[in-house]
Structures are given as structure tokens and as C-alpha cells.
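Please work from the sequences and hints to get the whole structure.
Residue numbers (numbering that gives the first Met the number 0), protein chains in the order written: chain A, 0 to 204; chain B, 0 to 248; chain C, 0 to 50; chain D, 0 to 217.
Treat the hints as calculated values from the structure; they're not laboratory data. Only a predicted model underlies this, so the values are computations on that prediction, with no experimental measurement involved. In this text, a Cβ means the ideal position worked out from N, Cα and C, and glycines have one as well. Check each hint, because a few of them may be wrong.
Covered stretches of chain A (chain D as the covering partner; in silico rule of three or more C-beta atoms under 8 Å from a C-beta of chain D) [said to hold, decoys possible]: (1) 22-33; (2) 89-100; (3) 156-167.
Calculated pairs, DMTMM-like style, for lysine to aspartate or glutamate (alpha carbon to alpha carbon, straight line, at most 20 Å) [unchecked claim]: (4) D:K152 with B:D45; (5) D:K152 with B:E245; (6) A:K192 with B:D44; (7) D:K152 with B:E149; (8) A:K121 with D:D73; (9) D:K45 with D:E182; (10) A:K192 with C:E43; (11) B:K10 with B:D151; (12) A:K121 with A:D147; (13) B:K10 with C:E40; (14) A:K190 with A:E180; (15) C:K5 with B:D45; (16) A:K190 with B:E245; (17) D:K152 with D:E72; (18) D:K152 with D:D73; (19) B:K11 with C:E43; (20) C:K47 with B:E245; (21) A:K190 with A:E156; (22) B:K11 with C:E40; (23) A:K190 with A:E63; (24) C:K48 with B:E149; (25) A:K121 with D:E72; (26) B:K10 with C:D8; (27) A:K190 with A:D61; (28) B:K11 with C:D8; (29) C:K5 with B:D44; (30) A:K121 with A:E156.
Label-pair restraints from in silico Cβ distances [stated by the list, open to error]: (31) D:I27 with C:G4: 50 to 60 Å; (32) A:G37 with C:L27: 53 to 63 Å; (33) A:D6 with C:E41: 34 to 44 Å; (34) D:L191 with A:P107: 41 to 51 Å; (35) D:I27 with B:P21: 56 to 66 Å; (36) D:G35 with A:G94: 52 to 62 Å; (37) B:V74 with A:I174: 51 to 61 Å; (38) D:L184 with B:I169: 40 to 50 Å; (39) B:P21 with C:D8: 33 to 43 Å; (40) D:V30 with B:V33: 57 to 67 Å.
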Amino acid sequence: MELQVSDLTVTRGGIAVLEGVNLAVSAGAALVLRGPNGIGKTTLLRTIAGLQPALLGTVSLDREQMAYSGHADGIKAPLTVAENLTFWASVFGTGSIDAALAAFQLDPLAARPAGGLSAGQKRRLGLARMVVTGRPVWVMDEPTVSLDTDAVAMFAEAVRAHLAGGGLALLATHIDLGLSEARVMDVGPFKAKPPTIDDFDGAFL
Amino acid sequence: MSSIWEYANPKKFIATTNRLLPWVTGLAVVLMAVGLVWGFFFTPDDFRQGSTVKIIYIHVPAAMMAINTWAMMLVTSLVWIVRRHHVSALAARAAAPIGAVMTVIALATGAIWGQPMWGTWWEWDPRLTSFLILFLFYLGYIALWSAIEEDDTAADLTSILCLVGSVFAILSRYAVNFWNQGLHQGSSVLRAGALMGDTEERVSNVFATPLFISMAGFVMLFIALVFLRTQTEIRARRMRALLARERMQ
Amino acid sequence: MPDLGKYADAVLSSYAVSLGLILALVVLSVARARRVRTALEEVEARVKKHG
Amino acid sequence: MIALLLRDLRLAIRAGGGFGLGLAFFLIVVVLVPFGVGPNSSLLSKIAPGILWLGALLACLLSLDRIFALDWEDGSLDLLATAPLPLEAIVSVKALAHWLTTGLPLVIAAPVFGVLLNLPAAGYGPLVISLLIGTPALSVIGTFGAALTVGLKRGGLLLSLLVLPLYVPTLIFGAEMARRSIEGLTAQTSLLMLAGITFAVIALLPFASAAVLRVNLR
Numbered sequence: 000m001e002l003q004v005s006d007l008t009v010t011r012g013g014i015a016v017l018e019g020v021n022l023a024v025s026a027g028a029a030l031v032l033r034g035p036n037g038i039g040k041t042t043l044l045r046t047i048a049g050l051q052p053a054l055l056g057t058v059s060l061d062r063e064q065m066a067y068s069g070h071a072d073g074i075k076a077p078l079t080v081a082e083n084l085t086f087w088a089s090v091f092g093t094g095s096i097d098a099a100l101a102a103f104q105l106d107p108l109a110a111r112p113a114g115g116l117s118a119g120q121k122r123r124l125g126l127a128r129m130v131v132t133g134r135p136v137w138v139m140d141e142p143t144v145s146l147d148t149d150a151v152a153m154f155a156e157a158v159r160a161h162l163a164g165g166g167l168a169l170l171a172t173h174i175d176l177g178l179s180e181a182r183v184m185d186v187g188p189f190k191a192k193p194p195t196i197d198d199f200d201g202a203f204l
Numbered sequence: 000m001s002s003i004w005e006y007a008n009p010k011k012f013i014a015t016t017n018r019l020l021p022w023v024t025g026l027a028v029v030l031m032a033v034g035l036v037w038g039f040f041f042t043p044d045d046f047r048q049g050s051t052v053k054i055i056y057i058h059v060p061a062a063m064m065a066i067n068t069w070a071m072m073l074v075t076s077l078v079w080i081v082r083r084h085h086v087s088a089l090a091a092r093a094a095a096p097i098g099a100v101m102t103v104i105a106l107a108t109g110a111i112w113g114q115p116m117w118g119t120w121w122e123w124d125p126r127l128t129s130f131l132i133l134f135l136f137y138l139g140y141i142a143l144w145s146a147i148e149e150d151d152t153a154a155d156l157t158s159i160l161c162l163v164g165s166v167f168a169i170l171s172r173y174a175v176n177f178w179n180q181g182l183h184q185g186s187s188v189l190r191a192g193a194l195m196g197d198t199e200e201r202v203s204n205v206f207a208t209p210l211f212i213s214m215a216g217f218v219m220l221f222i223a224l225v226f227l228r229t230q231t232e233i234r235a236r237r238m239r240a241l242l243a244r245e246r247m248q
Numbered sequence: 000m001p002d003l004g005k006y007a008d009a010v011l012s013s014y015a016v017s018l019g020l021i022l023a024l025v026v027l028s029v030a031r032a033r034r035v036r037t038a039l040e041e042v043e044a045r046v047k048k049h050g
Numbered sequence: 000m001i002a003l004l005l006r007d008l009r010l011a012i013r014a015g016g017g018f019g020l021g022l023a024f025f026l027i028v029v030v031l032v033p034f035g036v037g038p039n040s041s042l043l044s045k046i047a048p049g050i051l052w053l054g055a056l057l058a059c060l061l062s063l064d065r066i067f068a069l070d071w072e073d074g075s076l077d078l079l080a081t082a083p084l085p086l087e088a089i090v091s092v093k094a095l096a097h098w099l100t101t102g103l104p105l106v107i108a109a110p111v112f113g114v115l116l117n118l119p120a121a122g123y124g125p126l127v128i129s130l131l132i133g134t135p136a137l138s139v140i141g142t143f144g145a146a147l148t149v150g151l152k153r154g155g156l157l158l159s160l161l162v163l164p165l166y167v168p169t170l171i172f173g174a175e176m177a178r179r180s181i182e183g184l185t186a187q188t189s190l191l192m193l194a195g196i197t198f199a200v201i202a203l204l205p206f207a208s209a210a211v212l213r214v215n216l217r
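Structure, rendered in C-alpha cells:
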């Protein structure tokens, strides 16, 4: 399995932000996207994950193969940690949540209401959800926000395990994950040029 | 002249409507003036309704345009959904306030006519009630357009609302008919009301010609306003696009 | 002026209200059209200058 | 799908608000009406079916914006959209959860509140039946409205403006059915129309809601 993105142009608010993006990630590999704030990393990841349509270009894999994690973790405060994970496990039709709990050392917190967790613990719960999905492609946007160094190591370990199992990962992050095998790609060169102004057509420019 | 879809290009639309606009406006002014002056000054009073019959020259065309505007919005919304022509979505947006004003006129003239006829400003007559509901639909549609910042999102959502709303508007029309018939069956006042705004056979010939001229005038007025307001929406949209592009640099 | 009889108020007020509303709609549409047109021209001139 | 339903029900129970608030609002409307129109019991019994229907409708409206707003804010909606469930199913389940937490309690409570309004004895059965058949339509239509306004910051008022006109046919046929039964007239047409609207809405509107949600998510 290989994730191939060819000539992808992504839009935010109807305006192209990145254009002609080409990238490929093969099974067992991870690709880290870099770039300054606001360049369109989130938009790119959302487009690849199938949450928004691309203006041009193709993504080789279907969205049914991907698990997406964004800035918000989708945690329900009144439910316990275990209940939150069990919900996603049954939605994705995977059975057990034990592996996910173990990977992010959430076992001691399993019976706690998620609303009482610290920001870092919530983030760990959000990342544990990725394990539960059982999907081969992880698309992750700033996964390490509010994690301490131990938790970042946990995360790197979880990604490594995922890759070893034949999965692949696409991440946008600023910090060094300690994932030495991951390739790094700067999305800066793909920044969309302002469209030329001529007589107006469908884009009103 | 290859196909009608060429006019979906904003620039082409503006150029074409600019050429047509003076003619349409002139026609609207002439037809409305003739229809209304003829109706107001040179038609006899009705033997039952007296001079209030003169209100039909405004009430009937306004009511017709209130419904036709929604129908036009439905068509342009469908065109947007199916063919993604921006001008079509913007035309629907431009038309909505016109339809709302026409609905208000139909309601106001209906109420003013009802005061001497029914002895009350407001009667929950099925026809008037349906127009009140139609007005609520216009309000919701306009409010949704102005609440959403992103243009294409707004166009998509309002189009779907227009589609769903159309079905519910027709449903409401039947529901309201059923509901009022249940309340006062066979009231003679309501049968007298059927003369107002009913099909042309019932309105005798003396009233028919100026009424048709006035209706044609209202149609022309509508077309002129839609042209002008759609141009405005296109320009506003282009301005937003230019400003957004400026921010990119 | 035709003799409107006892319904003069009703007829005259409905004509006044309706024509007033139509006039208001036309005036507002034309005013907004002018405003947007000049605003767009300004922006276009600025954008063309900066390239 | 069942997991989503169970989660929504569990959230409604734990967070409070779900069952309780709608019912309390319904009660308050019913209590306030006699203060507004006077304590004349024959008048009250005449308008009781309409008031109960209106109260149920408003109580239903009150909780509509919660259908998607919370899931939108915490990102669950994005995650659900990438889950192996069609959006149409998600929307339907959400509507069902809303009905179970809002509509059904209202149906059960309506006879009790009917006592307060001096509802005639003949009216209890038809009222409960009309509410039972009609309130699912309120939830499904409301879900469409909630999907339309999900991304908006001040969507609450707009939601009411959009949804209330869509409620007109259901309200008319629902209240009409109860009223006709009380007056001893045949209520069959109203019943059939009400049921027809509910079934049509359940069958068709989720597609519109899902389409709207897809637009709002991108």
C-alpha cells in the first residue's frame, strides 16, 4: 500500500493555499510536513483525509483507509476514558481498547471522567483513538500539542508500532518527534501564487 | 451564440444585462404606469366591493410575483446545485428581497382590502395565511445568506434550504386550506374573498385588460431589479475575491 | 380623480403603501449598486497598480 | 450506529439538560398560559390541545442546537465524518436520539399537563397519538435546521427562524387531529396527513441534512 498525492491543489475559504503538492508515503514509512503557520498544512491534511474536496489533483487512497486527528480530540467530558475509546472502537468496528490504553499509559485513568483530565492527558486519549480505529493510514495534525517529553516518546513509540504493523503516517508537526526514520518535507515551495487578475470567470478574478 | 450557459460567465452577464437594462426598465415604468393609471382612473367600481376592486391592480400582480420569485429562486438554486454556475446562485440571492417585498405588498393590500370587506384587518383566510408563511420562508432564506461568510458555502446551504422550503411551502398551503376550512366552513365572507386574487375567469373583462398590463409591468420591474441586484452581487463578490487575493501577497 | 366613495381610505392607502414599498426597494437597490460599483472600482485600481 | 445512539443518550443523561430541561420548559409554558388568558376553565379546555402542541413544539425547538453544536465544537463531527458510517445514518441517529430524549418524554408528560389545562376526557387519546406520530417529524426537521446552522457562532436564533416555518404543516395537522376528536368530528384525514408527513420526512430529509452537513464540514 502506498499513499500517493499528485498535483493536489487545496483551498481555504475558496482560495487556493497550496498548489501542485506531490508526495508519496509507502507502507511502513512516515512523512513529517513542516512549514510556517498559516501556510495550509491543516488544509492539506484535511483534504487528504477526505474532509474537504480538492480543487485539483488526486489522492490515491480512499478516505475509508484513513484515520484523521485534528486540533480537537472529540472527547466527551461526561464519559470516562474507557467509554470514550469504546465508543470509537465500536464505530470503527474494532474490538478491544486495551492496546490503545496501554500504548498511552491510560490504564490508571480508564475509569475517570474525561472532563477531569489535564490537557496533556486529553491529548493522549485523543491519540489513543488513532490506535483504536485500526485504519492503516494515520493523518495527524500537530499531534504533540500539550504533550510532555515522556508523552512525546510514548507517541513516537505508538507511531513506530503502527509503522511496524504495515501502516503509514502523515504528520504535521514543529517539534522533533525522535522518529529518526521519518522523512521530513517542507510544504513552503508549494505555496499557491496569487491567481492572475484577468476578466472575471467563475473565480471572480 | 452557442448556448445559454455562456451567460453564466459573470462578465458576460454584466455586459448583456447592461445592454438590456434600459429597455426592461423603460418597459416596466410604461407598463406599470399604464396599468395602474387605467385601473385607478378608468375602470368602474364593482357592484359588490365598490371602489376597493381597484386594489386588485396591485394586489394580484404582487401576489403573483411573490410566488414567481420563489419559483425563480428554486430554478436558479437547482442550476447552482447541478451546474455550479455562480451567477445563478447570486441571482437567487438578489431575488429574495424582491420576493419578500412583494409578499409584504400582497399581505398589506390584502389586509387593507379586508378591513372594509370583512370588518377586520386580519382574517386567517387560507390565502393570506399562506402568504404570511411564505414571508417567513423569505426571511429565513435571507437571514441564512447573510449569516454565512463563505460565499460558496452560503450558496450551497441556501440552495438546499430553498429546495426543502419549496416542498414545505406547498405542504403548508394544503395544510392551511384544510385547517381553515375546518374552522369556518362556508362562510360567505370568504367566498366574496375568492374574487380577490383569483383566476382571471372570475374577474370580468372590464378589469382584466388593465390587470394584465399591470401584471406585465410587475414582471418587467422584477426582471429589471434582478438584473441590477445580481450585477451588484457579482461586483461585491469580485471585490471580496480581489481583497482576499491582496491578503495573500 | 375618480369618486372612490366610502372606500377611499382603503384604496388610497393600499396604493400609497405598495408604491412606497416598491420605491424603497428600487432606491435601496440602486444605491447599493452605486456604492458597490465605486468600491469595486477603487479596489480594482489599487490592485492593478500593485500588479 | 447503535454505539452512536447509546453515546448520545448517555451524554444526555449524564450532562443533564437532555430529559429535564425540555420537560421543565413544557411545564412552564403550560403553567403560564392560564396566567395569560385567564382561569376560565371552558376556554382553557377549548385551547388545551393547541397549547399542548405548541408547548411540545417549543420545548423541542429549545434543544435543537445541541444536536450538532457540541460535536462540532469538540471535533467529534470531523471524526465521525471520517468514520465508516454514512453521514445520512449519523444524521438519522442524531435525530432519533433527540426524539428519545426530548419528544418521547413530552409525549408521556402531555396527558399529565392536559389535566392542568382542563383537557376534555375525549382528548387524551388523540392528543397522545398525534404527539407520538408528530414529534418524530419535529426532531427530523429540527436536525435539518441544526445541520444548516452548525458552523455559525450565533446560530440559535437563526435556527428558530429557519425551522419554525417548516413546522407549520405538522403543527396544523397534529393540533387539528386532537381538536377534531374532542369536537366529535372525524379526524382521519388529519391523522393520515400527519403520519404521511412524518414518514416522508423521515425517509427523505436525512439526505438533505447529510448534504448540508457535508457542506458545513469542508
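Going through the hints against the structure:
With 0 residues carrying a beta carbon less than 8 Å from a beta carbon of chain D, the segment 22-33 of chain A misses the three-residue requirement, and the given coverage is violated. Given a C-beta distance limit of less than 8 Å, the hint that chain D covers the segment 89-100 of chain A holds, as 4 residues qualify and 3 suffice. Against chain D, the segment 156-167 of chain A contributes 0 residues with a C-beta closer than 8 Å to a partner C-beta. That does not satisfy the three-residue criterion, and the hint is violated. At most 20 Å may separate the alpha-carbon atoms for a hinted pair to count; D:K152 and B:D45 exceed this at roughly 54 Å.
For the hint linking D:K152 to B:E245, the alpha-carbon distance of about 27 Å lies beyond 20 Å, and the restraint is violated. With a C-alpha separation of about 70 Å, the suggested pair A:K192 and B:D44 falls outside the 20 Å cut-off, and the hint is violated. A distance of roughly 14 Å separates the Cα atoms of D:K152 and B:E149; the hinted pair therefore holds under the 20 Å criterion. As the CA atoms of A:K121 and D:D73 are separated by approximately 12 Å, the hinted pair is consistent with the 20 Å bound.
The hinted pair formed by D:K45 and D:E182 meets the criterion: a straight-line CA distance of about 9 Å does not exceed 20 Å. Restraint check for A:K192 and C:E43: the C-alpha separation of about 19 Å stays at or below 20 Å, so the hint holds. The straight-line distance between the Cα atoms of B:K10 and B:D151 is roughly 18 Å, inside the 20 Å bound, and the hint therefore holds. The suggested pairing of A:K121 with A:D147 holds, with an alpha-carbon distance near 12 Å, which does not exceed 20 Å.
Only pairs whose Cα atoms come within 20 Å are accepted, and B:K10 paired with C:E40 is accepted, the gap being roughly 15 Å. The suggested pairing of A:K190 with A:E180 is violated, with an alpha-carbon distance near 26 Å, which exceeds 20 Å. With a C-alpha separation of about 13 Å, the suggested pairing of C:K5 with B:D45 holds against the 20 Å cut-off. For the hint pairing A:K190 with B:E245, the CA-to-CA distance comes to about 15 Å; that is within 20 Å, so the pair holds.
At roughly 11 Å between alpha-carbon atoms, D:K152 and D:E72 fall within 20 Å of each other, so this suggested pair holds. Annotation: proposed proximity of D:K152 to D:D73 holds, straight-line Cα distance about 14 Å (limit 20 Å). Between B:K11 and C:E43, the direct Cα distance comes to roughly 18 Å. Compliance with the 20 Å bound is thereby established for this hinted pair. Taking the CA atoms of C:K47 and B:E245, the gap is about 11 Å. The hint holds against a cut of 20 Å.
For the suggested pair A:K190 and A:E156, the alpha carbons sit about 32 Å apart, so the restraint of at most 20 Å is broken. The suggested pairing of B:K11 with C:E40 holds, with an alpha-carbon distance near 18 Å, which does not exceed 20 Å. Of the pairs offered as hints, the one joining A:K190 and A:E63 is violated, with about 28 Å between alpha carbons and a cut-off of 20 Å exceeded. With a CA separation close to 27 Å, the supplied pair C:K48 and B:E149 exceeds the 20 Å bound.
Restraint check: the Cα-Cα separation between A:K121 and D:E72 comes to about 15 Å, which is no more than 20 Å; the hinted pair holds. Taking the CA atoms of B:K10 and C:D8, the gap is about 48 Å. The hint is violated against a cut of 20 Å. For the given pair, A:K190 sits about 25 Å from A:D61 by alpha-carbon distance, which is inconsistent with the 20 Å threshold. Between B:K11 and C:D8 the CA atoms are separated by roughly 48 Å; this puts the pair beyond 20 Å, and the hint is violated.
Only pairs whose Cα atoms come within 20 Å are accepted, and C:K5 paired with B:D44 is accepted, the gap being roughly 12 Å. Between the alpha carbons of A:K121 and A:E156 the distance comes to roughly 18 Å, so the proposed pair stays at or under 20 Å and holds. For D:I27 and C:G4, the Cβ-Cβ distance of about 52 Å falls inside the hinted range of 50 to 60 Å, so the restraint holds. As the Cβ distance of A:G37 to C:L27 is approximately 38 Å, the hint placing it in 53 to 63 Å is violated.
Distance hint for A:D6 and C:E41: a CB-CB separation of about 37 Å, consistent with the stated range 34 to 44 Å. Distance hint check: the CB atoms of D:L191 and A:P107 are about 59 Å apart, inconsistent with the given range 41 to 51 Å. Range check, D:I27 to B:P21: about 59 Å between beta-carbon atoms, so the 56 to 66 Å window is met. Between D:G35 and A:G94 the C-beta distance comes to about 57 Å, which sits within the given range of 52 to 62 Å.
For the pair B:V74 and A:I174, the beta carbons lie near 54 Å from each other, so the given range of 51 to 61 Å is met. Hint check: D:L184 to B:I169, Cβ distance near 25 Å, so the stated range 40 to 50 Å is violated. The beta-carbon spacing between B:P21 and C:D8, approximately 38 Å, falls within the hinted interval of 33 to 43 Å. A hinted range of 57 to 67 Å for the beta carbons of D:V30 and B:V33 is consistent with their spacing of about 60 Å.
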